[in-house]
Amino acid sequence: MASRGVQRGAPPPHLANQGRTISWRHCLIGLAVGEVVLLVISNVALGLADLALGSGPNGGIVGVSSLLSIILGSFVAARLAGHHGVFQGIVVGIGFIVVGAVYQFIQEAGIVHSALASGSHTLVDLGPMSMGNLISGDFLALFGGTIGGMFARRP
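Residue numbering for the sequence shown follows our numbering, starting at 1 and increasing by one per position.
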């Protein structure tokens, strides 16, 4: 039930007149929580899979770990913000996309830098870019952010 005339899912009264829907501070907190959880879950799961099955293809462990981490980070951001949960969750999902893109850029820049530092002036083959993986990964992040934000609704 709504109390004192405030609708469920509406921003708190001190934000209602400002027209703000995104709580950036809470989204950053949710992103940080999600990234830490991603590191822990994926490393533990990959370690267990390597012990049980030997090293090899990860079978989607990183993808499932990412989805769970994004959902948790989005949930935390939306719960802390207390309003517009889906918006907070989508911002956290976009944050995961940006962090992944920056990480990929740093890896590839390091490869190019090491090739140039060794005196080689030939093109470096970074491998093919898989648009299917890129789009599905981004979709996964946005889906997880939406779900996490929706789960944060208070009855």
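It is possible that part of the hints are untrue.
Unchecked claim - Ranges of calculated distance between the beta carbons of each label pair, as one might list FRET restraints:
# : residue 1 : residue 2 : range
1 : SER114    : ARG25     : 30 to 40 Å
2 : ALA109    : MET131    : 31 to 41 Å
3 : SER120    : ARG20     : 27 to 37 Å
4 : PRO57     : ILE22     : 35 to 45 Å
5 : GLY59     : ILE106    : 22 to 32 Å
6 : THR122    : VAL44     : 19 to 29 Å
To be clear, the hints were calculated from the coordinates, so they are not data collected in a lab. Where a beta carbon is used, it is the ideal one built from N, C-alpha and C, also for glycine.
Structure-based check of all given hints:
Remark: the range hint 30 to 40 Å for SER114 to ARG25 is upheld by a beta-carbon distance near 38 Å. The hinted window of 31 to 41 Å between ALA109 and MET131 is violated, with their beta carbons roughly 21 Å apart. Distance hint for SER120 and ARG20: a CB-CB separation of about 51 Å, inconsistent with the stated range 27 to 37 Å. Between PRO57 and ILE22 the CB atoms are about 38 Å apart, so this pair conforms to the stated range of 35 to 45 Å.
Here the CB-CB span from GLY59 to ILE106 is close to 26 Å, well matched to the stated 22 to 32 Å. About 40 Å separates the C-beta atoms of THR122 and VAL44, a value inconsistent with the hinted range of 19 to 29 Å.
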